[in-house]
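There are 2 protein chains.
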Amino acid sequence: MRRKSFETLACPIARSLERVGEWWSILVLRDAFLGATRFEQFQKSLEIAPNMLARRLNALVEAGMLEKRRYSERPPRDEYLLTERGRDFRPVLWALLAWGNRQFAPGGPSVQIVDAETGVPADPVLMDAISLRPLEPPFFRTVPGPGASEGFRKRHGAFAGNSAPTSAKAARSAQRRLGDANV
Amino acid sequence: MRRKSFETLACPIARSLERVGEWWSILVLRDAFLGATRFEQFQKSLEIAPNMLARRLNALVEAGMLEKRRYSERPPRDEYLLTERGRDFRPVLWALLAWGNRQFAPGGPSVQIVDAETGVPADPVLMDAISLRPLEPPFFRTVPGPGASEGFRKRHGAFAGNSAPTSAKAARSAQRRLGDANV
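Those protein sequence lines, which keep their order, are chains A and B.
Mapping of the first sequence onto the numbering used here: position 155 corresponds to residue 266, and the numbering continues sequentially without gaps.
Mapping of the second sequence onto the numbering used here: position 104 corresponds to residue 215, and the numbering continues sequentially without gaps.
Be a bit skeptical, because a hint or two may be false.
[What the hints assert, rightly or not] Output of the computed footprint for chain A on chain B, the stretches with three or more beta carbons under 8 Å from beta carbons of chain A:
id, segment
1, 146-157
2, 222-230
3, 241-250
Treat the hints as calculated values from the structure; they're not laboratory data.
C-beta: ideal position from N, C-alpha, C; glycine also.
Based on the provided sequences and hints, a complete structural model is requested.
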């Protein structure tokens with residue numbers, strides 16, 4: 112894969128993908144959130160070649176998302192624990208889960224997020240914790256932040272005036288949703 | 112890459128990754144949300160080989176996330192518009208952006224989500240839209256849903272009693288956060 116330029120890496124999405132932008136890494140994290148810590152547990156769940164799994168685990172340790180801890184000296188055995196940075200990835204994983212459930216689960220969700228006490232399924236929505244409004248256009252948008260370089264600012268606005276174009280069908284549906292929200 | 116078993120594909124995260132589990136696909140979607148529609152626009156932004164970009168665009172069209180529309184007959188030219196399913200991916204992209212800003216932006220965020228009217232930066236949190244509580248353990252957890260097969264149920268609980276282990280540092284920090292929340 113061709114190396115990205117610095118300008119592109121200034122994007123927080125590209126930066127994040129540098130750490131987890133790979134199928135297996137995300138499934139390793141998923142299993143870590145489900146409680147897997149040991150090599151054999153990940154391997155049994157993911158059914159991947161040991162060398163591939165070792166590579167992914169090490170990459171996640173290097174990215175500061177997992178912490179390696181020796182739990183046995185003879186034979187030498189390590190376990191892998193989520194770090195604070197790794198745990199902080201949960202909203203991404205759960206947003207992905209929610210999208211999968213909305214889009215690809217015609218027979219009902221196979222996994223869902225529920226209230227741990229009552230078991231009532233949650234309605235996962237990315238919101239602004241300050242105003243408690245859903246993070247959706249046209250009410251919210253992305254703009255260059257204080258850490259943006261001049262070049263990055265230009266790039267971010269490259270398609271301006273042309274923002275988030277949608278198919279006619281999607282536009283109608285968005286209109287309907289907005290209508291609902293205003294009720 | 113080895114083909115996943117059906118049991119694993121029943122997981123909504125794995126299913127989602129089948130559609131977008133690749134670095135470039137997510138950056139293509141990012142640019143689509145910024146307003147890119149034309150091949151040259153994506154190419155200029157992503158700096159990838161035309162055949163690679165064409166493959167990613169076609170994969171996203173096949174996954175139902177982009178819609179291809181001919182805007183010129185001579186020469187034949189297509190543009191790529193986000194479908195409803197593609198637009199529905201925004202929370203995942205923004206959750207990834209927020210995680211990148213929290214974890215990898217020591218100089219301040221280069222892109223941020225703001226209130227479109229006031230410009231005030233949002234605090235993006237995945238919440239339960241029903242109870243307006245953040246989707247975090249121990250208050251929320253994932254469980255097999257109505258669409259789960261017997262085999263999948265077993266697998267989901269494979270690490271039970273061992274859920275979301277964390278490093279000592281992360282555990283202390285979670286404790287602090289919970290303390291704050293209870294104030």
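To see whether the hints hold, each was checked on the structure:
1. 146-157: Held - the segment 146-157 of chain B has 7 residues with a Cβ nearer than 8 Å to chain A, which meets the minimum of three.
2. 222-230: holds (count 8)
3. 241-250: Holds, because 9 residues of the segment 241-250 of chain B bring their Cβ atoms closer than 8 Å to Cβ atoms of chain A.
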